[in-house]
Amino acid sequence: MKMFTFAASAAILAWGSAAQAQQTLSMWYHGAGNEVESKIINQIIADFNASQADWKVELQSFPQAAYNDSVVAGALAGNLPDILDVDGPVMPNWAWAGYMQPLQIDEAKIEAFLPGPKGYWDGKLYSIGLWDAAVALVTRQAYLDELGLRTPTLEQPWTKDEFMAALDAAKASGKFEYAFDPGMAWTGEWYPYAFSPFLQSFGGDIVDRTTYKTAEGALNGEAAMAFGEWWQGLFKNGYAAATQDPADRDGGFAAGKYAFSWNGNWAALNTLKAFPDTVFLPAPDFGNGPKIGAASWQFGISASSKHPEGASAFIEFALQDKYLADFSNGIGLIPATKTAAAMTENYKDGGPMAVFFGLTEGQALVRPVTPGYVVQAKVFEKALADIANGADVAATLDAAVDEINADIEKNGGYGH
Amino acid sequence: MASKFTVSNGTGWLMAGPAVLLIAGFVILPFFLAFAFSFTNQRLISPNATEFVGLANYRQLLDVTTVTLEPVRDDAGAIVIKDGAPEYPSLRTLTRNNPDRPDLAGMREWFSFSLGGEDRTYVLARDVVFMTAVINTFIFVLIVAPVQAGVALGLALLINQRLRGINVFRAIYFMPVVVSIVVVSLLWRLIYDGQSGLLNNLLGAISFGMIPPVDWLGNPSTALGAIIAMSIWQAVGFHMVIWLSGLQTISPTLYEAAAIEGASKWQVFRYITWPGLRNTAVLILIVITMQAFGLFAQIDVMTNGGPLDSTQTIVFQAIERGYGKQDISGGSAISVILFVIVLSISLIQRWLTREKT
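Those protein sequence lines, which keep their order, are chains B and W.
At position 171 of the first sequence the residue is numbered 171 (the numbering used here), and the sequence of numbers has no breaks.
At position 323 of the second sequence the residue is numbered 323 (the numbering used here), and the sequence of numbers has no breaks.
Zero decoy hints are in this set.
Simulated crosslink set (SDA-like; lysine to any residue; CA at most 25 Å straight-line):
# : chain 1 : residue 1 : chain 2 : residue 2
1 : B       : K213      : W       : N98
2 : B       : K160      : B       : E229
3 : B       : K306      : W       : I45
4 : B       : K306      : W       : P47
5 : B       : K171      : W       : P213
6 : B       : K273      : B       : A342
Everything labelled a hint here was simulated from the structure, so no lab data went into it.
None of these values were measured; they are calculated from a predicted model.
Start from the sequences, fold in the hints, and give me the full structure.
Below is the structure:
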């Protein structure tokens with residue numbers, strides 16, 4: 001035993017002195033448990049460590065479900081790593097709370113990036129993503145032909161009436177369990193990410209983006225009420241189910257239970273496998289332009305990092321097109337640049353998922369850029385679940401507005 | 001003996017030390033912190049300084065008021081009937097942007113009732129979700145405490161026999177207690193599944209398809225009941241063991257004497273077993289009550305408080321606010337309110353079950 005301890009400490013000492021020439025940078029990442037993702041990120045780190053002699057990045061991975069809690073706990077304990085990754089809409093909260101510092105990256109390097117992966121708060125770039133995600137109305141060409149529906153395009157998406165007529169036709173055909181699958185089983189961030197663009201297309205929003213000081217009028221104004229009534233009607237009139245078995249969310253469309261599914265690019269490959277004639281349609285226009293959510297996971301630097309220049313060097317290194325393409329090929333994400341998209345299987349021109357690149361370029365709107373978003377997302381999720389379950393629309397949206405406003409006030413306006 | 005205790009004081013503290021330190025660090029200190037935070041606007045993460053806000057958090061949670069409204073009348077003065085009931089003016093016009101009643105701003109309808117006449121009284125609460133959580137928690141406790149204690153006693157009586165293989169039954173009944181509540185909740189979510197769940201299949205099979213599938217956790221009228229049933233099942237084994245230990249402290253000579261006297265089974269239970277279980281009963285009642293007030297994991301895994309707040313509970317709200325919505329002060333205030341509720345109920349139970357001399 002003693003011998004072993006001695007040998008171990010000798011090994012650690014030797015390793016320590018060998019690494020001394022390089023400054024170690026710690027890094028946290030949310031992708032623990034995903035083998036492909038881990039492999040790509042490890043490859044980037046290995047390439048970076050080998051490419052120069054000053055910095056050595058060391059990775060620690062967390063499961064996604066526990067990641068945000070770990071960062072908050074780490075910050076409260078004064079224990080954050082140099083580099084961390086952050087979900088786009090959460091970044092303003094962490095930046096405002098003083099967990100993060102602006103990136104020291106040449107803005108020219110990210111000029112060609114899609115807008116979603118660029119995380120700006122207070123006019124400064126705090127985070128940058130290698131990819132974006134997009135949502136589309138998933139259906140089959142066979143269904144469209146059978147129901148006699150026009151194929152909507154980015155230039156000419158379905159209007160609200162056309163969309164509802166499509167749902168009516170699907171419902172009347174009697175071939176589907178439900179005409180529409182919004183993804184009710186995916187509770188959590190999916191609700192604001194996937195459903196708030198509907199609200200924005202109606203002309204409302206989660207919070208008034210001109211000031212970010214109130215939700216009054218945005219979340220309970222006329223447009224929001226119309227959205228709420230429409231949303232409730234989806235469930236009341238039998239187009240969709242308010243509660244959904246998670247298994248149906250994952251396999252229901254492939255099993256032919258739904259005519260239309262509101263789903264993200266990350267699920268697209270499996271759907272294409274089930275139905276080669278799957279088509280990804282742009283979001284309908286409910287009056288204020290078609291909208292989908294933007295921004296996914298991004299990289300940033302913690303405020304407590306003593307080596308922001310090293311951390312920035314690593315992030316800049318990771319922004320190369322080949323890594324953007326690797327992530328895209330590995331886990332189906334939308335690469336952040338056109339040049340990287342051209343290098344991928346799925347997003348190159350004519351690729352099976354190229355349509356998503358157009359969707360995110362043409363329709364994407366980031367979620368409200370405010371530190372209060374973290375709370376607002378939860379309030380919004382509950383309001384939509386309640387309305388789907390039959391709660392009074394006006395009372396529910398009013399209550400959501402009150403809760404959001406009380407939270408903004410409690411936080412002194414969140415620095416806006 | 002007394003002298004020995006004083007002599008070994010140092011050793012005693014040494015042995016109690018680790019537990020005392022842990023309890024002080026993880027129970028007592030957080031309790032005092034929660035009490036202090038509940039009077040401030042402390043956030044989980046915020047660059048802003050914490051400010052003292054007095055009782056604002058409690059007012060926000062507990063504020064309740066009533067409004068009595070007259071029904072809407074048409075031009076002729078007749079009451080407007082909508083869907084078979086008189087129509088009342090929308091509360092929204094009263095509670096929002098209403099300069100006449102600034103005190104009502106931000107309040108919502110909790111419930112309403114009519115005292116015979118045409119007028120209808122609306123009870124408004126500033127935090128309807130919290131009020132619902134309190135009511136749900138009380139319903140949960142009021143059903144779980146007696147039913148779980150009763151079922152556990154029945155099981156304990158059943159397995160308190162000298163039969164071959166009785167340990168197998170003891171193990172089976174105790175099994176759910178050793179399985180993590182999170183795992184149990186996940187399994188029961190599948191059992192309660194609205195379409196192909198085990199329970200729906202079972203009901204369909206025994207009724208030859210007469211009972212249609214019920215979405216047990218997705219329906220506001222069945223969700224809380226489903227969680228109550230599952231919670232009783234999960235912890236009943238634990239209380240069964242406590243009852244069993246109580247049963248085995250009753251002297252066998254009493255039962256022998258009763259047998260000689262020719263007492264009936266009921267008389268034996270009524271006059272020997274039940275009085276002998278008195279202290280056990282008090283303990284079990286208090287333990288179940290306290291555990292039931294802490295209802296959280298099942299909610300977190302199975303329903304998240306929904307649908308339509310039908311399964312909101314006090315502890316779920318405390319954690320949802322304190323951690324989910326980063327409002328430590330609000331979560332702390334809920335914790336303090338829960339503490340006061342549980343303390344008062346425990347004191348009342350102690351007083352009701354005191355030794356009457």
